[in-house]
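Read top to bottom, the protein sequences are chains W and B. In terms of the numbering used here, the first sequence is residues 1 to 233. In terms of the numbering used here, the second sequence is residues 1 to 191.
No lab work stands behind these hints: they were computed from the structure. Here the structure is a predicted model, which means the values were calculated and not measured. Virtual Cβ for every residue (Gly too), placed ideally from N, Cα, C. Some hints could be false.
As the list claims (entries may be wrong) - Quick look at which bits of chain W chain B covers, simulated, 3 or more residues with Cβ under 8 Å:
#1 31-38
#2 106-112
#3 167-174
#4 194-203
#5 210-222
Said to hold, decoys possible - Quick list of the computed label-pair ranges, beta carbon to beta carbon:
#6 W:His213 with B:Asn151: 21 to 29 Å
#7 B:Ala51 with W:Pro211: 46 to 54 Å
#8 B:Arg98 with W:Asp109: 20 to 28 Å
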Amino acid sequence: MYGSARYRREPIGTHPPLDSPAYASTSKRAPRCAPVRIEQSLSEITGPRPCVTVAPAEADLTRWAGDAAMGERIIVAGRVLDEDGRAIAHTLIEIWQANAAGRYRHDHDRHDAPLDPHFSGVGRTIAGANGAYRFMTIKPGAYPWGNHHNAWRPQHIHLSVFGPALATRLVTQMYFPGDPLLALDPIFNSVPDGAARARLVAAFDPELTEPGHALGYRFDIVLRGRAATPAVG
Amino acid sequence: MAPARLTPSQTVGPFFGPALVRSELEQMVDAETRGARIAITGRIFDGDGAAVPDAMVEVWQANAEGRYDHPEDRQEKLLDPHFHGFGRFGTDQHGRFRIVTIKPGAVPGPRMTLQAPHLNLSIFARGLLNRVVTRIYFPGEPLNQTDAALNAVPADRRATLIAAIDSAGASDSYRFDIFLQGDRETVFFDI
Ligand SMILES: [Fe+2]
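Excised from the complex, chain B in its bound form:
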């Protein structure tokens, strides 16, 4: 096999919606999915605090047991035939997205550590020449203290990665806003 050279990224542009944002890809759970249902709503903002209406959020997460539906995850935890861990959500004219899923279990991290429950996010938008990658963590999780990725982040920026309990919603509702730029800029990861 001859070595091949990596294909560069380009922006998703403004017109991806009909191709990529499809209702079948927004359905992460069905009636039989195991685990606690949660809803995470948020908005995406640019450096002026303006909503980003032409963005797309992709979720990748483990199931309620803490296992990814993927051959590289060789844990002996159960797979859930009603949960595959992927969802894709476009933002609306107010920059808003809404993820309905289950709370993931903890998955292994580097050096025998356990990672805190989290959702992996890839964010694509016009004006972003490559995706940006972040994570949504949950408030009050003891494992947040020892999570390797959270601990790689300067302490004063970690809060940008932790969802807030949405007081307007039910106890299983969370809020997670994403600031692409500015004083409250969300932490993005180089993976």
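Looking at chain W on its own, in the form it has when it is part of the complex:
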């Protein structure tokens, strides 16, 4: 026997269609067949809770290899919630990003911008009992990519979140308010619904901002909620 949790079907228009022609790499990688819909079973309503020990310092990307990273310090904080606004406690959040110059610490990043010897661009934390999380990092730079002529990714931070079940697993990107590149970015604009797209943009938050130290951006992460009534099973 298993419990009553079933997760709501995801609303149409929130997640990008896998086949999004403006993002060229989807053309050979997006499956052509529609996914086969299955009833959620124990396999989907359970899910991984990686047993990793995360040091508090992993939520601070502003120092690495013994010294301070270059660039504008920022705070990125928010809560992990479900669609009913319930806190999702103690879930692992992993982030990665380019440095202030728009360069990733990755062998395959060929962008002609300097690496920062004191910035790894990698962080993780575990949300609190109330779903709250907080990173201190550097505002990432925009960077060019080969999708089309003169293509530039808007400033963004990649995030990976587990939530309580296989059904809630989410990888996404957080953007910054007022970035003129957002209107031109095929990845951001792959989200069909404008209101859903807007939820990928963090909000500048004076409350989060630390005087004399760093601007604060609020970004809540909302994962699938449970179905109102369990499926008859």
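Got chain W sorted already, so can you dock chain B with the ligand onto it with the hints?
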């Protein structure tokens, strides 16, 4: 509690490796894990048959008894303190991944059925704006005949979900290639 609206998915992009692919997350078993050791190797291919070198496979599976290490699994089967069921594997330059784990037991399915032993997979890659979800089943399992998810798949596509015994390896070695697109496109599930 005010209702909240779902956060959209975005691609994992090409540069996730240092953040997500970590050796500690590749170790699914230790010397004391109960169950039959298996190795599953495979490659991920795009619609041109080219290897996908910047993908990541996440495994979620039950233990050898058929119990998930998760509070929603309230079966009275034993938990194994040496097995938690999660593993994460990056693909190499040839699109190859290698999962070393134990063969899972059968877990309950819908309407009092029993599911055939399977691994749940989430696949992330540059060019995938959302993960795709599939399952690895095992050849010759009697429960494959009645498994609800397998039976939801058109008969002529079910073979894409069943691992092959790897003749080059030991009897506990399996092969499971993933075709994101094309004539042999793997079945992906909408969960
Ligand atoms: Fe990026």
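**Asked** Which of the listed hints are broken here?
**Response** As far as the earlier hints go, only 6 is violated by this structure.
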